[in-house]
Amino acid sequence: MEHPDNDSHNRELDALFAEYKAALPDPEPTSNFMPYLWRRIEARQNLLFRMKRLTQFFVAAAAAICILFATMMSVPNRPESNGSYVDVLARAYPAENLASHGILLDEADTK
Amino acid sequence: MLVEFELIQKAQAGDGAAFNQVVVAYRKRILGTIARLIGRPEDVEDVAQEVFLRLYYSLDQLRTPEVFEPWLYRLTVNASYDYLRKQRRRNEARMSDLSEQQVMMADAAAGGKVSHEEKRLKQVKDLVEALLGSVSEQDRILLTLKEVEGLSLKELEKIYGVNENALKVRLFRARQRVLNAFEAAQKSVGPKPVERKG
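Line order of the protein sequences matches chains Y and D. Residues in the first sequence are numbered from 74 upward in steps of one, following my numbering. Residues in the second sequence are numbered from 1348 upward in steps of one, following my numbering.
No wet-lab data here; the hints were simulated from the structure. Note that the coordinates shown come from a computational prediction; the quantities given were computed from them, not determined experimentally. Every residue gets a Cβ at the ideal spot worked out from N, C-alpha and C, and that includes glycine. Warning: the hint list may mix true and false statements.
Derived CB-CB ranges, DEER-like [stated by the list, open to error]: (1) Y:A136 <-> D:A1477: 53 to 63 Å; (2) Y:M124 <-> D:E1413: 25 to 35 Å; (3) D:E1353 <-> Y:I140: 44 to 54 Å; (4) Y:V132 <-> D:V1509: 35 to 45 Å; (5) Y:A134 <-> D:L1349: 43 to 53 Å; (6) D:S1483 <-> Y:M145: 36 to 46 Å; (7) Y:Y109 <-> D:K1469: 23 to 33 Å; (8) Y:A88 <-> D:A1360: 43 to 53 Å; (9) Y:N79 <-> D:G1363: 47 to 57 Å; (10) D:E1351 <-> Y:M107: 12 to 22 Å; (11) D:S1483 <-> Y:A137: 42 to 52 Å; (12) Y:R113 <-> D:A1360: 39 to 49 Å; (13) D:G1363 <-> Y:F131: 25 to 35 Å; (14) D:A1360 <-> Y:T128: 22 to 32 Å.
Here's a subset of chain D near chain Y, in silico, CB distances under 10 Å, partners left out [said to hold, decoys possible]: (15) E1353; (16) A1395; (17) L1468.
With the sequences and hints as input, model every part of the structure.
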């Protein structure tokens, strides 16, 4: 059972809430309500449209970069870069060119 | 329902004129609810526009037109809650900038310009605002919908999507807190602030 004081406070609180509702009746909307609402809707629409365009641009740029990297990876390496350092030097300075500088190679070296 | 189901379906299909009619039908009721939920008349239209803006962009998610009203109330509750949360942060910052004397002077200046009846209504409004300030924003909204707007537990159940028992517990606790604050206010003031009618 509720305390009588508590019960009376409950009733007073109910009355206070009822008065609060009376003190704040439903306000009439101003004449600007609908125009401003549509302006906000359009502003949001424009923002969404711009974000969509920006997203599309980034997706396209990312796809282009992926394709570029994939192409670079798939192109075969040049044959000159194959082999060891000594092989590359031997190809760059053939034995006949070295002879003009007075460097003679043994038969065993040329094989 | 204030509008026909067909009108809501047309608005869902992107018919701007139908959406306009839905807004015109509900705006006064929503404005009133927001006015009592947030307690700041100057910001009511702004919050109501936010509600209808959210409605416009989420209308396609509404499965059945039958749940339109609870759903509109849920959007109203969410927008009001967002507003109250922002407002509290702003108020904390603003009040910390003012000295106690400045606040009292501002209150006195505001009080001197209104008639007796307006002053009484302002007292009621201020008292309820202060009492509702003793609970969280969520509980304030729930309590206002139940006690001031007069929504039933069934309606609240649809709006919040939780069962009736959970709502009853939350409402009881929130009301107890407000009641305690009310008793404390009466003890400190002395005479009863509410003029009983009839």
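### Query
Cβ-Cβ distance between Y:R113 and D:A1360: within 39 to 49 Å?
violated (21 Å)
### Query
Between Y:A136 and D:A1477, is the Cβ distance one that fits in 53 to 63 Å?
holds (59 Å)
### Message
Just to be sure I understand the hint, the distance between the Cβ atoms of D:E1351 and Y:M107 should be within 12 to 22 Å; is that true here?
### Response
With a Cβ separation near 20 Å, D:E1351 and Y:M107 satisfy 12 to 22 Å, so the hint holds.
### Query
Is it true that the C-beta distance of D:A1360 to Y:T128 lies inside 22 to 32 Å, as the hint says?
holds (26 Å)
### Query
Using the C-beta atoms of Y:A88 and D:A1360, is the stated range 43 to 53 Å upheld?
holds (47 Å)
### Message
Against the range 35 to 45 Å, how does the distance between the Cβ atoms of Y:V132 and D:V1509 compare: consistent or not?
### Response
Because 40 Å falls inside the window, the suggested range holds.
### Query
Falls inside 43 to 53 Å, the C-beta gap from Y:A134 to D:L1349?
holds (49 Å)
### Query
If you take the shortest Cβ to Cβ gap from D:L1468 to chain Y, is it below 10 Å?
With Cβ-Cβ at 4 Å, under 10 Å, it holds.
### Task
Evaluate the given range 25 to 35 Å for the C-beta pair formed by D:G1363 and Y:F131.
holds (31 Å)
#### Entry: Pairwise beta carbon distance, Y:M124 to D:E1413, judged against the given window 25 to 35 Å
holds (34 Å)
### Task
Given the range 47 to 57 Å, decide if the beta-carbon distance of Y:N79 to D:G1363 lies inside it.
holds (54 Å)
### Query
Is the shortest C-beta separation between D:A1395 and chain Y less than 10 Å?
This hint holds: D:A1395 lies near chain Y, its Cβ roughly 8 Å from the closest one there, short of 10 Å.
Hint compliance for this structure: hints 6, 12 and 15 are not met, and every other hint is.
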